[in-house]
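Undergrad: Make the full structure from the sequences, and use the hints.
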Amino acid sequence: MAAVTMALKSLSEVLEPAAKRRPELAVEIANLFAAFNLYTGDAAKSAAQVEVWGEQLGEFPLFAIRKAYRWAVRVRGRCHRWHPSLRTSGLRKICA
1 MAAVTMALKS LSEVLEPAAK RRPELAVEIA NLFAAFNLYT GDAAKSAAQV EVWGEQLGEF
61 PLFAIRKAYR WAVRVRGRCH RWHPSLRTSG LRKICA
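Quick note on numbering: the numbering used here labels position 37 of the sequence shown as 37, and the sequence is numbered without any gaps.
These aren't lab readings, by the way, just hints derived from the structure by calculation. In this text the structure is predicted, and so the values were computed from the model without any measurement. Ideal Cβ positions, reconstructed from N, Cα and C, are used throughout, including at glycine. Treat the hints with caution; some may be incorrect.
Below, in silico cross-link-like pairs of lysine-lysine (DSSO-like), each with a Cα-Cα straight-line distance of 30 Å or less [as the list claims (entries may be wrong)]:
#1 K20 / K45
#2 K45 / K67
#3 K67 / K20
Taking CB as the label site, the calculated pair distances span [claimed, not checked]:
#4 A72 / E24: 17 to 25 Å
#5 V14 / G54: 12 to 20 Å
#6 G58 / A35: 17 to 25 Å
#7 R70 / A19: 16 to 24 Å
#8 S46 / M6: 38 to 46 Å
#9 S10 / A44: 33 to 41 Å
#10 V4 / A34: 38 to 46 Å
#11 E16 / K45: 23 to 31 Å
#12 L11 / A48: 32 to 40 Å
TA: Structure, rendered in structure tokens:
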């Protein structure tokens with residue numbers, strides 16, 4: 001029974017919304033901005049962007065955000081091979 005309780009606790013921690021782990025979420029968003037060279041040189045503007053992105057992504061689990069970030073970094077530059085119907089304006093920004 002203890003093993004089941006531990007497994008459920010671990011699962012609930014993994015699936016908890018990232019908003020509950022705000023400092024870690026801010027680091028992941030900053031890493032995403034750095035990977036795509038989105039730093040504007042203005043620290044206040046960057047902090048505001050991280051805050052807005054944190055509000056938008058806060059409902060998702062942190063593991064999912066990390067996985068999406070890694071996927072975006074891996075496929076960057078390879079989007080030209082995708083079918084034209086998959087090249088949305090949002091994906092064009094990532095693939096640029």
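Undergrad: Indicate whether the distance between the beta carbons of S46 and M6 respects the range 38 to 46 Å.
TA: Holds - the Cβ-Cβ distance for S46 and M6, about 39 Å, lies within 38 to 46 Å.
Undergrad: For V4 and A34, compare the CB-CB distance with the range 38 to 46 Å and indicate the outcome.
TA: 40 Å, holds
Undergrad: Go ahead and decide if the range 17 to 25 Å is satisfied by the Cβ distance of G58 to A35.
TA: This hint holds: roughly 20 Å between Cβ atoms.
Undergrad: Given a hinted range of 16 to 24 Å, is it respected by the beta-carbon distance of R70 and A19?
TA: Holds, since R70 and A19 (Cβ atoms, about 21 Å apart) stay within the stated range.
Undergrad: Determine whether the Cβ-Cβ distance between S10 and A44 falls within the hinted range of 33 to 41 Å.
TA: 38 Å, holds
Undergrad: Measuring from beta carbon to beta carbon, are E16 and K45 in 23 to 31 Å?
TA: 29 Å, holds
Undergrad: Given a hinted range of 17 to 25 Å, is it respected by the beta-carbon distance of A72 and E24?
TA: Between A72 and E24, where Cβ atoms are some 18 Å apart, the hint holds.
Undergrad: At the C-beta level, are L11 and A48 separated by a distance inside 32 to 40 Å?
TA: Taking Cβ atoms as reference, L11 and A48 lie about 34 Å apart, which means the hint holds.
Undergrad: If you check the beta carbons of V14 and G54, does the distance land in 12 to 20 Å?
TA: Since the Cβ atoms of V14 and G54 sit about 19 Å apart, the hinted range of 12 to 20 Å holds.
Undergrad: Hey, K67 versus K20, does the alpha-carbon distance stay inside 30 Å?
TA: Holds. K67 to K20 sits at ~18 Å (cutoff 30 Å).
Undergrad: Would you check the hint for K45 and K67, treating anything up to 30 Å between C-alpha atoms as holding?
TA: Roughly 26 Å between the alpha carbons, so the hint for K45 and K67 holds.
Undergrad: Given the proposed pairing of K20 with K45, does the C-alpha separation stay at or below 30 Å?
TA: 23 Å, holds
Of the hints listed earlier, there is not a single one the structure fails to meet.
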